[in-house]
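K.L.:
Sequence:
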Amino acid sequence: MVSIGVDLPKTVIFALKILLMKKLLILFLAFTLNACNDGDFDVPIFEFTEKVAICGDDVLYITSTNSTEVLVLTLPSTAIGTTPKTQSIEVSTTVIVTYRIFDVGIGENYFCQDIPPSEPKIVKELIADGGTINITTTEVLTNAVVTGYSHEITISNLSFNKDEERIFKENFNFGTLTVNN
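FYI, the numbering for the sequence shown is 1171 to 1351, going by this note's numbering.
Be a bit skeptical, because a hint or two may be false.
The following label-pair restraints were derived from C-beta to C-beta distances [stated by the list, open to error]: (1) I1337 - V1274: 20 to 30 Å; (2) S1262 - L1311: 31 to 41 Å; (3) N1331 - K1193: 39 to 49 Å; (4) T1181 - D1333: 51 to 61 Å; (5) N1313 - S1237: 32 to 42 Å.
Subject to a maximum C-alpha distance of 20 Å in a straight line, what follows is the list of computed EDC-like cross-link-like pairs (lysine to aspartate or glutamate) [stated by the list, open to error]: (6) K1339 - E1260; (7) K1294 - D1333; (8) K1332 - E1295; (9) K1339 - E1295; (10) K1255 - E1309; (11) K1291 - E1278; (12) K1339 - D1299; (13) K1255 - D1227; (14) K1291 - D1273; (15) K1294 - E1217; (16) K1339 - E1220; (17) K1221 - E1309; (18) K1255 - D1228; (19) K1221 - E1278; (20) K1221 - E1322; (21) K1339 - E1217; (22) K1294 - E1334; (23) K1294 - D1273; (24) K1339 - E1322; (25) K1294 - E1335; (26) K1255 - E1322.
I should point out that these hints are in silico values taken from the structure, not numbers from a laboratory.
Beta carbons are placed, not taken as given, at the ideal position from N, Cα and C, and that holds for glycine.
Construct the complete structure from the given sequences, taking the supplied hints into account.
P.N.:
Structure (structure tokens):
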């Protein structure tokens, strides 16, 4: 004679254990997938306008099309001169490359003020810890007369490091600054 009732409790307990394990596995996977975080890692694309702006003798900057991203060069006052030459200047504590993101676009005279305005707010700022600024200065001639100087600026091996974020640009065309006499 076969007894069905004797094995039934073992089968029910086994089925309940499998059901509980499935639920725990689903719950574990849900928490694992929900906990994934990309770390809010924003990689700047470094797409700026071609226009290089200057403030004083030593601050050059370029902005993105909506003026919320800015790349600023702080150079020695002798870097933008009136002698045709090619020079390479290493990024240092006095030669500074700064990348900034603002919450809204900046005005044309933002960097030309003695005291920066409180608005717009700086959302992110990275200061380069390496790189070489290359400046090629040529004469601008009009009817064989020097009417100004053109400064073609590129940056090689530009690197920014902040916390665990690293940005590296092997070659970056900053732009051309033309200064009239």
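K.L.:
Now, for every hint given, state plainly whether the structure supports it.
P.N.:
Results for each hint:
Range check, I1337 to V1274: Cβ separation about 23 Å, and the 20 to 30 Å hint holds. A beta carbon spacing of about 34 Å between S1262 and L1311 agrees with the range 31 to 41 Å that was offered as a hint. Between N1331 and K1193, the C-beta spacing of about 45 Å keeps the proposed range 39 to 49 Å intact. The hinted range of 51 to 61 Å is satisfied by T1181 and D1333, whose Cβ atoms lie roughly 56 Å apart.
Between N1313 and S1237 the CB atoms are about 37 Å apart, so this pair conforms to the stated range of 32 to 42 Å. With a CA separation close to 15 Å, the supplied pair K1339 and E1260 stays within the 20 Å bound. For a cut-off of 20 Å, the pair hint linking K1294 to D1333 stands: about 13 Å separates their Cα positions. The suggested pairing of K1332 with E1295 holds, with an alpha-carbon distance near 9 Å, which does not exceed 20 Å.
Distance restraint check for K1339 and E1295: the Cα-Cα separation of roughly 17 Å lies within the 20 Å cut-off, and the hinted pair is therefore satisfied. Distance restraint check for K1255 and E1309: the Cα-Cα separation of roughly 10 Å lies within the 20 Å cut-off, and the hinted pair is therefore satisfied. With a C-alpha separation of about 16 Å, the suggested pairing of K1291 with E1278 holds against the 20 Å cut-off. Restraint check for K1339 and D1299: satisfied, since their Cα atoms lie roughly 12 Å apart, inside the 20 Å limit.
For the hint linking K1255 to D1227, the alpha-carbon distance of about 18 Å falls within 20 Å, and the restraint holds. For the given pair, K1291 sits about 6 Å from D1273 by alpha-carbon distance, which is consistent with the 20 Å threshold. Proposed proximity of K1294 and E1217 is supported: the alpha carbons are some 16 Å apart, at most 20 Å. Among the hinted pairs, K1339 with E1220 is consistent with the structure: their alpha-carbon atoms are about 18 Å apart, no more than 20 Å.
Note on K1221 and E1309: the hinted pairing holds, with a Cα-Cα distance of about 19 Å set against a maximum of 20 Å. With a C-alpha separation of about 18 Å, the suggested pair K1255 and D1228 falls inside the 20 Å cut-off, and the hint holds. At most 20 Å may separate the alpha-carbon atoms for a hinted pair to count; K1221 and E1278 meet this at roughly 12 Å. The suggested pairing of K1221 with E1322 holds, with an alpha-carbon distance near 12 Å, which does not exceed 20 Å.
Only pairs whose Cα atoms come within 20 Å are accepted, and K1339 paired with E1217 is accepted, the gap being roughly 12 Å. Our distance criterion of 20 Å between C-alpha atoms is met by K1294 and E1334, whose separation comes to about 14 Å. In summary, the hint linking K1294 to D1273 is supported, as the alpha carbons are separated by about 9 Å, within the 20 Å threshold. Taking the CA atoms of K1339 and E1322, the gap is near 18 Å; set against the 20 Å cutoff, the hint holds.
In summary, the hint linking K1294 to E1335 is supported, as the alpha carbons are separated by about 12 Å, within the 20 Å threshold. With a C-alpha separation of about 11 Å, the suggested pairing of K1255 with E1322 holds against the 20 Å cut-off.
When held up to the earlier numbered hints, the structure conflicts with none and fits them all.
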